[in-house]
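Chemist: Protein chains in written order, with this note's numbering: chain A, 2 to 365; chain B, 2 to 365.
It is possible that some hints are incorrect.
Any copy will do: because identical chains look the same in the list, a pair fits if it lies in one copy or spans two.
Taking lysine to any residue and the SDA-like style, the derived pairs with C-alpha atoms no more than 20 Å apart in a straight line are [claimed, not checked]: (1) K152 / A90; (2) K152 / A92; (3) K152 / R96; (4) K75 / D15; (5) K282 / G336; (6) K84 / N153; (7) K152 / R91; (8) K84 / L148; (9) K282 / L335; (10) K214 / P305; (11) K77 / N153; (12) K75 / P149; (13) K152 / G97; (14) K313 / E352; (15) K152 / T215; (16) K308 / L37.
By construction, these hints were calculated from the structure, which means they are not laboratory data.
Spelled out, the chains give:
Number of protein chains: 2
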Amino acid sequence: MQIIRVQTPSAKYDVYAGAGLIDSLRPRIERIAGRLPGRVFVVTSPPIWALWGEPFVASFAEPPVALFLAPGEKHKTMACVEKLARQMARAGADRGSLLIAFGGGIVGDVGGFLAAVFMRGIPYIQAPTTFLAQVDSSVGGKTGVNLPEGKNLVGSFHHPLAVFADTTVLGTLPDRELRAGLMESIKAGIIRDRGLVQYMEKRAPKILARDAKTLEKVIAASIRVKAAVVSRDEREGGLRMILNFGHTLGHAIEQATHYEELLHGEAVGWGMIAALRLAQKRGTITRGQAERLEKLIHLYGPLPALKVRAAKAVAAAGGDKKNIGGVRRFVVPLGIGNAGVIEDVTQAELEDAARYMLSQARGS
Amino acid sequence: MQIIRVQTPSAKYDVYAGAGLIDSLRPRIERIAGRLPGRVFVVTSPPIWALWGEPFVASFAEPPVALFLAPGEKHKTMACVEKLARQMARAGADRGSLLIAFGGGIVGDVGGFLAAVFMRGIPYIQAPTTFLAQVDSSVGGKTGVNLPEGKNLVGSFHHPLAVFADTTVLGTLPDRELRAGLMESIKAGIIRDRGLVQYMEKRAPKILARDAKTLEKVIAASIRVKAAVVSRDEREGGLRMILNFGHTLGHAIEQATHYEELLHGEAVGWGMIAALRLAQKRGTITRGQAERLEKLIHLYGPLPALKVRAAKAVAAAGGDKKNIGGVRRFVVPLGIGNAGVIEDVTQAELEDAARYMLSQARGS
Chain A
2 MQIIRVQTPS
12 AKYDVYAGAG
22 LIDSLRPRIE
32 RIAGRLPGRV
42 FVVTSPPIWA
52 LWGEPFVASF
62 AEPPVALFLA
72 PGEKHKTMAC
82 VEKLARQMAR
92 AGADRGSLLI
102 AFGGGIVGDV
112 GGFLAAVFMR
122 GIPYIQAPTT
132 FLAQVDSSVG
142 GKTGVNLPEG
152 KNLVGSFHHP
162 LAVFADTTVL
172 GTLPDRELRA
182 GLMESIKAGI
192 IRDRGLVQYM
202 EKRAPKILAR
212 DAKTLEKVIA
222 ASIRVKAAVV
232 SRDEREGGLR
242 MILNFGHTLG
252 HAIEQATHYE
262 ELLHGEAVGW
272 GMIAALRLAQ
282 KRGTITRGQA
292 ERLEKLIHLY
302 GPLPALKVRA
312 AKAVAAAGGD
322 KKNIGGVRRF
332 VVPLGIGNAG
342 VIEDVTQAEL
352 EDAARYMLSQ
362 ARGS
Chain B
2 MQIIRVQTPS
12 AKYDVYAGAG
22 LIDSLRPRIE
32 RIAGRLPGRV
42 FVVTSPPIWA
52 LWGEPFVASF
62 AEPPVALFLA
72 PGEKHKTMAC
82 VEKLARQMAR
92 AGADRGSLLI
102 AFGGGIVGDV
112 GGFLAAVFMR
122 GIPYIQAPTT
132 FLAQVDSSVG
142 GKTGVNLPEG
152 KNLVGSFHHP
162 LAVFADTTVL
172 GTLPDRELRA
182 GLMESIKAGI
192 IRDRGLVQYM
202 EKRAPKILAR
212 DAKTLEKVIA
222 ASIRVKAAVV
232 SRDEREGGLR
242 MILNFGHTLG
252 HAIEQATHYE
262 ELLHGEAVGW
272 GMIAALRLAQ
282 KRGTITRGQA
292 ERLEKLIHLY
302 GPLPALKVRA
312 AKAVAAAGGD
322 KKNIGGVRRF
332 VVPLGIGNAG
342 VIEDVTQAEL
352 EDAARYMLSQ
362 ARGS
């Protein structure tokens with residue numbers, strides 16, 4: 002097990018990464034919180050609960066009250082948060098209750114937001130069950146839901162008491178989700194950890210075979226990058242923006258494909274390929290570095306083929322909510338293991354990056 | 002005009018109390034925020050906008066985008082927050098936008114919560130238009146909405162950039178609402194400002210006639226009490242609890258009357274009368290002090306008559322959400338101008354207080 006500390010102006014907590022964490026949650030929570038809170042609630046999805054509910058409750062004398070969120074982005078809504086809050090109120094939850102979000106990124110975002118607003122905020126714990134949620138969304142305190150007008154338009158910053166990234170539960174994760182999640186680890190390596198890039202280059206077979214120790218290393222290294230960035234910039238004033246590498250264009254691809262054809266990580270994979278092209282043309286990385294990183298991305302593919310529509314969206318990108326005041330800001334690697342922000346990206350540059358991405362995306 | 006500073010670990014802002022503030026909002030906001038934010042939105046109620054919309058927009062070159070919340074507690078919901086958030090998203094609001102909550106307590110609570118969660122938090126300003134909202138709910142950062150299971154069960158702590166308590170807009174406030182709001186000023190005096198108690202004893206005619214300078218003094222003194230308490234205890238760890246004087250029993254009365262027969266301040270008025278009886282029996286105030294304070298409450302009445310049901314609710318009180326772990330905690334005055342918390346109030350004490358209250362409440 003590895004422990005990674007997150008320390009921001011408003012919170013200080015640990016992320017635990019390793020095998021067999023969820024079967025011993027109660028003593029772990031007692032150690033962190035001083036004592037077990039009066040009532041414990043768990044927000045989870047029915048499939049996860051069917052697979053892992055039994056080991057999850059095993060360590061509790063009184064099993065936590067389970068609240069269910071049906072799978073799928075379409076349940077990441079205010080209405081679902083309200084429904085869950087009402088269930089908690091009826092079950093007697095109070096300010097001293099604890100919530101555990103046990104599931105993928107959507108469960109984490111919705112459960113975290115529920116904890117942020119129930120009685121104006123109760124403590125919660127993230128127990129992410131997908132690779133993507135473990136290395137990305139469970140760390141950093143961002144919670145929220147979608148509006149029909151856009152994703153994550155409503156939410157809160159609310160840090161968990163702790164994050165338990167249990168590699169054991171990854172055993173039942175579909176292969177495609179694992180590969181998509183690994184794109185975020187590649188991103189972490191590119192922007193801040195050259196060693197992680199090298200490790201992922203060498204250990205692809207073991208990682209994809211889900212060897213516990215190898216996975217733990219990749220997960221811990223990825224979390225360490227996120228924790229370091231979030232600790233230095235809690236609210237996206239500056240540094241936190243580098244976490245968006247590949248995401249501005251990735252979001253454009255997701256929107257153009259109505260969030261249906263690609264997993265988030267896959268869209269980020271394509272977004273990184275386009276962004277690497279842009280970076281190479283700007284000279285922030287060499288051609289050799291761009292090729293090397295591109296090869297790494299494909300090593301953890303296959304990324305699904307893209308249609309022209311997606312490339313057009315990339316060419317048109319620039320209305321992303323990270324762009325305050327309309328300036329087109331993009332995150333680019335500065336060599337391998339470092340990143341920065343370039344401004345005023347031109348339409349021609351975007352079109353070139355989109356064309357380049359599409360030339361690969363059709364054939365893949 | 003008087004300026005009261007609120008300073009908590011997470012925020013620092015000023016409350017402005019005086020006449021003619023809303024006609025000069027733009028320069029005031031520019032001074033506070035450095036510059037006028039890119040987009041300004043105002044959440045308000047149709048009746049308030051009809052009465053005061055014109056002076057409100059007068060100082061803006063480009064009028065703020067008005068979003069409407071229908072009057073009444075039944076609109077203090079997650080669904081209304083979502084509707085408003087969607088309107089903002091469609092109107093192009095971003096993280097650099099500013100929201101102004103311009104209305105009574107419900108507009109302030111809903112508008113504040115909207116600002117707390119829109120894009121995970123945007124800056125906002127409170128411009129309360131009722132006496133109650135000016136002296137109480139607009140200060141302290143509590144925002145939120147109701148669930149069918151209970152009031153204010155969902156919300157956030159989110160402090161405004163500033164509060165503008167404009168005495169001019171009180172000109173159109175119904176008399177009953179003014180009197181009910183003044184109960185919170187009496188509360189403020191009892192728990193922390195002996196001078197305010199004396200002032201309100203002497204100046205009742207001028208206050209009730211809404212003399213601008215006299216009202217400003219009462220409002221500023223009341224806010225000063227709340228600001229001092231909130232500044233020392235942002236999240237209700239201890240001291241902030243004294244603000245609940247009269248409220249534990251007041252809430253019981255409101256619940257028993259389904260929030261229909263009494264205004265909040267009126268229920269607090271009766272709650273204070275019951276709590277004063279309890280305090281006198283415990284010896285934290287003398288009989289003479291209890292009578293004097295009771296007289297002051299009635300001076301700003303009439304409080305509507307109560308039915309037996311309400312007294313029964315007071316006798317049964319103890320499930321209030323401020324009671325963590327089931328201990329019956331009550332705030333009582335310690336003399337006049339100071340307050341403390343007593344624990345383990347007995348059933349007999351509650352019944353005595355309820356009987357006493359009812360003996361007055363039937364005849365009033």
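Chemist: Can you list which hints this structure breaks, lowest number first?
Modeler: When the structure is compared with the hints, numbers 4, 10, 15, 16 turn out to be violated.
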